[in-house]
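> Each chain is listed here by its residues.
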Amino acid sequence: MSETRIIDACNTYCPGPLMELITYMKQAKVGDTLELLSTDSGTADDVPEWINKVGHEMVSSEKIGEVWHIKVRKSK
Amino acid sequence: MRILVVGGGTGGTIVANNLARRLATEIRAGKARITMLSASDQHMYQPGLLYVAFGQMMPDELYRDEASLLETSIKFHVDPVEQFELDQNRVRTKSGKTYDYDILVIATGSRTMSRKIPGLEEGAETFYTEKGAVKMFKNLRNFQGGKVAIVVGVPHKCPIAPVEATFALHDYFKGRGIRDKVEIKYHYPINRIHSIENVAIWAKPEFDRMGIKYETLFNVDEVDVENKVVKSMEGSEYKYDMLVSIPEHHGMEVIEKNELGQNGWIPTDRYQLTMEGHDNVYVVGDTTNLPVSKTGSAAHFEAEVIAENISSIVKIGTPVTDYDGKVYCFIEAGRDKATYAMFNYLNPPDLRAANKPMHWFKMSYNKMYWTSVRGLL
Chain A
1 MSETRIIDAC NTYCPGPLME LITYMKQAKV GDTLELLSTD SGTADDVPEW
51 INKVGHEMVS SEKIGEVWHI KVRKSK
Chain B
1001 MRILVVGGGT GGTIVANNLA RRLATEIRAG KARITMLSAS DQHMYQPGLL
1051 YVAFGQMMPD ELYRDEASLL ETSIKFHVDP VEQFELDQNR VRTKSGKTYD
1101 YDILVIATGS RTMSRKIPGL EEGAETFYTE KGAVKMFKNL RNFQGGKVAI
1151 VVGVPHKCPI APVEATFALH DYFKGRGIRD KVEIKYHYPI NRIHSIENVA
1201 IWAKPEFDRM GIKYETLFNV DEVDVENKVV KSMEGSEYKY DMLVSIPEHH
1251 GMEVIEKNEL GQNGWIPTDR YQLTMEGHDN VYVVGDTTNL PVSKTGSAAH
1301 FEAEVIAENI SSIVKIGTPV TDYDGKVYCF IEAGRDKATY AMFNYLNPPD
1351 LRAANKPMHW FKMSYNKMYW TSVRGLL
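Residue numbers (the numbering used here), protein chains in the order written: chain A, 1 to 76; chain B, 1001 to 1377.
Chain A on its own, in the form it takes in the complex (with noise of 0.2 Å):
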């Protein structure tokens, strides 16, 4: 049954939002739905292009206050 986990990675600098996504899809399950919370700007576009290229699936992004959720589904 997929899951869906949410990862905060709010106000971090190291190892940052992207490591820490790529950390967490390494323990996740094909289908399962990770939320990345991330206050640095810069994920809004580093996380599509790292997801786009390595084939899983963008499902959502959104600001709402300061913190980005990013939502991607794994798929292999």
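FYI, nobody ran anything at the bench for these hints, they're computed from the structure. Check before you lean on any hint, since a few could be wrong.
In silico DSS-like cross-links for lysine-lysine, where the CA-CA straight-line distance does not exceed 30 Å [said to hold, decoys possible]:
# : chain 1 : residue 1 : chain 2 : residue 2
1 : A       : 26        : B       : 1185
2 : B       : 1031      : B       : 1094
3 : B       : 1228      : A       : 53
Pair by pair, the computed Cβ-Cβ distance ranges are [what the hints assert, rightly or not]:
# : chain 1 : residue 1 : chain 2 : residue 2 : range
4 : A       : 63        : B       : 1139      : 45 to 55 Å
5 : A       : 55        : B       : 1211      : 28 to 38 Å
6 : B       : 1072      : A       : 66        : 41 to 51 Å
What you are looking at is a predicted structure, and each value in this text was computed from that prediction instead of being measured. C-beta: ideal position from N, C-alpha, C; glycine also.
Could you slot chain B onto chain A? The hints should help.
Just chain B now, with coordinates in the frame of chain A:
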């Protein structure tokens, strides 16, 4: 108050020593007791492994007897924990003994997981173990030219290590007079050459100046050892003559087996450093799942907060401070220059140009570590 520290690395040792001094009166009066359980009687200065890999330190310089680093009031046992019974405030050890506690500090650290990537263990050099660092140096000594690839697993201990190793490779081959016969190519998992933006901004022109090639968005998927090709999840590949790996890390097996955290990382409150759902269990250093660097530095600053809070709980019944995410990392920029990155949850690092005094400070720190881990520095 029975305080049990599980793990005798940087974080566990600093917590125990700091507490022993803060609670000296209570310990003498029999009102507090500190016990440490470790898997080894030896303490390794892990950052020294990078120097071993380049022939600048000998392995025996990296070790001290753990007992010699601890305050005499700390009860130290080499008896690794096998079962955590958190609901009973008790652990069971390999020898079959049980230890009850009022407050538990878990400081078990992390381990390399090269074997997760097919071919990586056999095909790559890595300096994250003593054996690996010595082997890497011997192979570097014999290397006469060709393509050297650096690849980086996620997550990994010491996020600065990939750039430090790359600068060191450049200077090592330059020192041997064969830099023009070596192509160095750095591969990094995200879309810039370091996770900290200011480090990436600083390192990129340095790489360009040194003629170091780089590829970003490269997460190692497989190593074809026979044909010496490393392949990425993103679909690219590189043919190498020597492969240097910063391996993926997990927390320790005992954490996974006891189901305290996925991949051995324990869910931890980022300010109080307590295990989620267990207010009397503290987690320090690599063992946490916090989105901060897995470094001795982070472990050190976390350990100071934990010791201050446990001490204040004993004295006045409440914690008094929070961890602010502080990390201080030296960055060796070759054989004779260094800079540093200092940051916390709210403030990014502001990097300065690498210079010789900072390198000598780092070389001094390699010796001062033994004072630091005693909790004196």
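> Next, verify each hint and record whether it holds.
Hint-by-hint comparison with the structure:
1. About 25 Å separates the Cα atoms of residue 26/A and residue 1185/B, which keeps this hinted pair within 30 Å; it holds.
2. For the suggested pair residue 1031/B and residue 1094/B, the alpha carbons sit about 28 Å apart, so the restraint of at most 30 Å is met.
3. This hinted pair checks out: residue 1228/B and residue 53/A have alpha carbons roughly 24 Å apart, not beyond 30 Å.
4. Residue 63/A and residue 1139/B have their C-beta atoms about 49 Å apart, which keeps the hinted 45 to 55 Å range intact.
5. Look at residue 55/A against residue 1211/B: about 32 Å separates their beta carbons, and that is inside 28 to 38 Å.
6. Range check, residue 1072/B to residue 66/A: Cβ separation about 50 Å, and the 41 to 51 Å hint holds.
Of the numbered hints listed earlier, not one is contradicted by the structure.
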